[in-house]
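Visitor: Chain order of the listed sequences is P and B. According to this note's numbering, the residues represented by the first sequence are 3 to 451, in order. According to this note's numbering, the residues represented by the second sequence are 197 to 690, in order.
Calculated directly from the structure, the hints in this document are not laboratory data. Cβ atoms here follow ideal geometry from the backbone N, Cα and C, with glycine treated the same way. Don't take each hint at face value.
For each label pair, taking beta carbons as the anchor points, the in silico distance ranges come out as [as the list claims (entries may be wrong)]:
| id | chain 1 | residue 1 | chain 2 | residue 2 | range |
| --- | --- | --- | --- | --- | --- |
| 1 | B | ARG426 | P | GLY258 | 26 to 36 Å |
| 2 | B | PRO328 | P | ARG63 | 48 to 58 Å |
| 3 | P | ALA115 | B | VAL312 | 42 to 52 Å |
| 4 | B | ASP419 | P | ALA398 | 30 to 40 Å |
| 5 | P | VAL94 | B | LYS416 | 55 to 65 Å |
| 6 | P | GLY138 | B | PHE325 | 54 to 64 Å |
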Amino acid sequence: MIEEARLLGALGAVVKRGEVDAISVCAHTSARRVLRFAHEAIHQAVAQETVTVTVHVMHRRRRGVASADTLDAASLARCAKTAKTIAQHAPVLAPLPSLPQRHRARTRADHVAATVRMTPRACVTSLRRLVHLCQGAGASLAGSMLLGEDAFAVVNSAGVSCYAASTVAAAKLVTMYRKLSGFAGAVHRDVRQLDLEGLLRRSLSQSLHRQDPVTLPLGSYEVILEPEAVADLVTWLGYTAFGAKSVEERTSCLAGRMGERLFAPSVTIYDDGSDPKSLRMPFDFEGTPKQKVVLIDRGRAAGIVYDTTYGARFDHPSTGHGMPPNETEGPFPLHLGMAAGTTSVAAMIRACRRGLLIPRFHYVNGLLNPREALMTGLTREGTFLIERGRVTSPVATMRFTQSLLDAFSRVLGVSSQRRLIADPNQELGCAVMPALHLAKLSLTGRSES
Amino acid sequence: MPVSRRAAARDGLPLDLVTRLIRDLKHRAVEYADVRFERILHENLVVEQERATAISLFESHGIGIRVLMNGSWGFAATPHLTPRDLRQAVSRAIDIARASSLLNRQPRALAAVEPVTARYASTYAVDPFDVPLSRKLDYLLWANATVLGPDAIKRVTSHMDSYKREKLFCSTEGARIEQRVIESGAGLEVVAQQGAEVQTRSVPNSHHGALAQAGFEYTKQLDLVGAARRAKQDVLHLLRAQAPRAGETTIILDPTQVVMQLHESCGHAVELDRALGQELSYAGGSFLTPESLGRVQYGASCVNIVADATLPQGVGSFGFDDEGVPAQRVELVREGRFVGYLNSRESAKHLALPSSGGAMRADGWSVPPLVRMTNVNLEPGEGTLEELCRGVKRGYLLSTNKSWSIDDRRLNFQFTTEIGWEITDGKLGAVVNNPLYTGITPVFWGRCTGVGRKEDWRLWGVPNCAKGEPMQLMHVGHGSSYARFDGVTVAPAK
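So that you can see chain B by itself, here it is in the shape it has in the complex:
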């Protein structure tokens, strides 16, 4: 008998239930099926000024069933784990696959993968769910208190997020994979106003980007209190600062901004489902069409970009993707040339690639996996920030993403950052506010004239990457050092 919902919630992963479903699916003569049970725990703490404004715990678990029937996909998901509900879910998946086959002429074929029995668990020192709530809140309250005081400071908000995900994946091919992942992160945002000027500064990164596959030890290492002091200084400087001059110039991007540059102009552009037109009704396509693979010069020779799902601490890391494909390190751009896609078993087969690169991920049990980023990273080069600045007559160092926008083929992008610094004759100078830069993806990366050293390379998270219908918000990772670009259009965002 399937285990009860309570038992599933409390007593580990429901292997019997999932195994039984796989057996049932085989009897229903599907060509392929997989069943994914997931349990997700998310704790979110928010402290504004001197008070906790949100303390919430979200718990979710359920089952997603994906079938290939008559050459077409069907997916059904339910949080109800009674035998009746699960039977209905199986029938819904099969019905919708059968209906789809009325239109589909070509069967959806899959690249082969060796089915394995395996376990994966992320590493951590301190389970954030074991840390007393009062200790976590005190940490945030202390960070906020560091910033409060000056009249110009209008609001300070800090947050802490902890995730625990447990997953069981079984397939009709014989795979049986258990995975357990813990993620931790925190951040602080301060808003200041003086007259008509309103400025924001986020540390250590904006958009909840300080998130890692790690325990509470990562959150402590972020040194939110020290970072808060810097944020206070920065935001007060920003109120008095000038905006950058409009024109073409050299910019150096801090790793916090390379994250968003990589995410929008490379990560999404190399998703093979997009390149095959499967996201046209929502997210769009890609200028990196299949015929350009291996042929198109994406950037300068110093640009090497990989998708690495094996990286410790990356929120895009895992043991196996949601098709049971092992985590891999895939080259996307080698010495400036576009050489690889993020793909799935189906899209890899479509392109006659030897195997899937293992990038099929779902943001929970209720949705089917899609081709998603893992940890898409700019490989480090050489040189310190000082060495990258050297030789720059006039330019800007830009840090911490504020806004982002890119066209539906991932060509024309525009970003603003929270803060910048003038570079004059190779030296960092005054703070600039409201910096905006814009460009065309291959032109911009083609003008990359330096990538910083390994010692300054940092891995960040993007925990809100939206894609798909129904929309899924995926946690993806990006790592980079500083990167320098010449001939970039910069303007004030005013």
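In isolation and in its complexed conformation, chain P is listed as follows:
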């Protein structure tokens, strides 16, 4: 891991030598160790370290951005020079948003030494035990394990100097038994808090069934969505609806509807980058401290997230949701949460006369008609039919297609327990989600060969 002093020193030197009107430099250093396995063998073992430094220059009402993957002083100087050259040749922009001002942050609160110290051998030993347990149950195991270490830093010419170091550990376990498979995943800052055997039990509970999956008629079903499934949907809302860019473009389902009731009163969605239950991050890629933003307040459209660019356009301060300056999709909520309710998944199942228990979705897409939050996606492992308050048969893969404005307006229950959902192999960000009991989800297709 690149230490605080070295990282901030390298970025600070670029800022100091900028010779431009304003300059901001952000860096993300990352180390990842990833094991991927299937059929009781590891087929991919990766130890990776990466550095990304992005220099954002504003000069004479023009701006330029350049990125490099080094902390070497000469290379960073060249990167800054490239950004300045780009700015010199760029058209004049008016007005340019001002950089975040005078903010200093240093944190290693989420950096856990035990996660860094865990050796590949220790990982494989844990994995070997899981394989033996799985084989003992007559099932087969696939999945991945990840250990990671990250440092984020932002330094700018307006007095911002921020650094945050963290670790992450994650596991995904897919168990297969006859025609069924099950899935369980978890993520934590501290590898010791990953309950691998608990995950295996959860995955096996979905796959160890004698009964073949049943095929159901298409139509509307009462559904109980476990936290991973809820996260699949809400994360797409984050992409299509909760950022200022989509509101400006009017493609967001919140555009022009602020204050209106869009969902059931039991649904409150927010973004909170300081939530210790999340993979928190105290500042954004512009160096602005992260603010908690309530996006849906008891069912009503309540807010969106801003960076400095879109904040200037909307005459609203940045909420600390700026992405790296070479990203062009505008501000994003990376720490979504849904407020907990009062019930449990077990109680939801008991209250369901006929419906489906869905642990997660596959390939959700929210671009069908984002203005109406129309989404589609498929069930995957572990979907079960509920009859008269009891889980009965596994269900073959089915497709849903429905507007979330419709689905989330008929909420029968929200669980009190929530889970942290993240895939640090795939993307930044996370979600802290409860289970949801919905009165109606339209199942519009089946997978059949």
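Mind docking chain B on chain P? Use the hints.
Guide: Coordinates of chain B only, in the frame set by chain P:
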């Protein structure tokens, strides 16, 4: 001594450094190893309305080391090219391979490949990095200006992307391969709103699909300004258009949409690592399991699909893949029958195939190669669009992908497109908005009743194909002409 980072960045490919690493790896008694140095340059320009909102240059270089030790794989990557950092990277690759061997019972065996010393360079007329920034921005600003004006037009965004990749691959088997590739592309997206109706139109293709292994001459040929005029007309028509009627009907897919149909329902389905269960924790499996090779009827007899890594301008083209296997043209579906996989040296050996089909690709130095698409193409048939429409009593012509979704075995898919046109009694008619179609892969391709002529065949890029852990975004290519399908479920996406 290894060359310094600055020297590596400026003075061509670091052959001495990579050769030394290979020598060191041989001394460490690995069964096999390869070392891949890559340098990537990506320029991204974005213009919104009348202003440039992003002008960025991304530069990256580093080394990936892959070893086979005790019959298990280990991979380590670093951007730091000092001797100490490289020694550490070698040790990390070996350590993680050794650790993996504690679980693995069967050694990972590789199909043979002849190690070669070779060079490959893509062809281009104008290096896009030599074109003045102001000229490139003016082109985008001009295209945007063509669209602005009507109140209903809420946003127009154009983009231009240029890539330069240089790669040096050496292996303990003796391969030494240098490759240089330039890619160029551009596009424009317009969003219009009237009342509750919001519509989007992208030209020449959505999802940054107008990307080719070519120079700035390709970007000019795209005629973004002419395309912008069409986009403006289309999007204004879409605001007033009706959605398609729900039901089973005939559809004709424009090449821009066949791209996504091929990508999701064929390209991913024929990746052998998926079929062997190696992607279950993320992307899923495939209904095309190994026992179905050569046996399963994937589509109608007019359906011929190939993976062609030798195609000029394809962003899935190369001289050699990231295992040093030469680029090939591999049949995937012949006259409707599933006959081939995209594979690697290891997965080919697993299936006792004579050799690798050369589809192992990494999206950069920091990740190991995976089985990836190259250019997965639907071979042309006969007939113009007019001839394909002939005989269609009622149906739709659908163009330009908007959304995509398919199940974890690549069977049940659903797509929406940005625009469609009614076909009535063989003639194209009114524009329809929000068209959605869905189906089951082999049923859908089995109802393919015509593939258009070679003259209408177009090659597109998909520059954001996600796969793997850590995730990799690969540039892959797809070519097609028009294709007609009967008995397809169509609905309005509302």
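Visitor: Now look at each hint and say whether the structure bears it out.
Guide: Here's how the hints hold up against the structure:
Taken as a hint, the range 26 to 36 Å holds for the pair ARG426 of chain B and GLY258 of chain P, whose Cβ atoms sit roughly 29 Å apart. About 20 Å separates the C-beta atoms of PRO328 of chain B and ARG63 of chain P, a value inconsistent with the hinted range of 48 to 58 Å. Judged by the Cβ atoms, the range 42 to 52 Å given for ALA115 of chain P and VAL312 of chain B holds: they are separated by roughly 47 Å. The hint said 30 to 40 Å for the Cβ distance between ASP419 of chain B and ALA398 of chain P, and at roughly 48 Å that hint is violated.
Taking 55 to 65 Å as the suggested C-beta distance range, the pair VAL94 of chain P and LYS416 of chain B does not conform, at roughly 26 Å. Take GLY138 of chain P and PHE325 of chain B: their Cβ atoms lie about 58 Å apart, and the range 54 to 64 Å holds.
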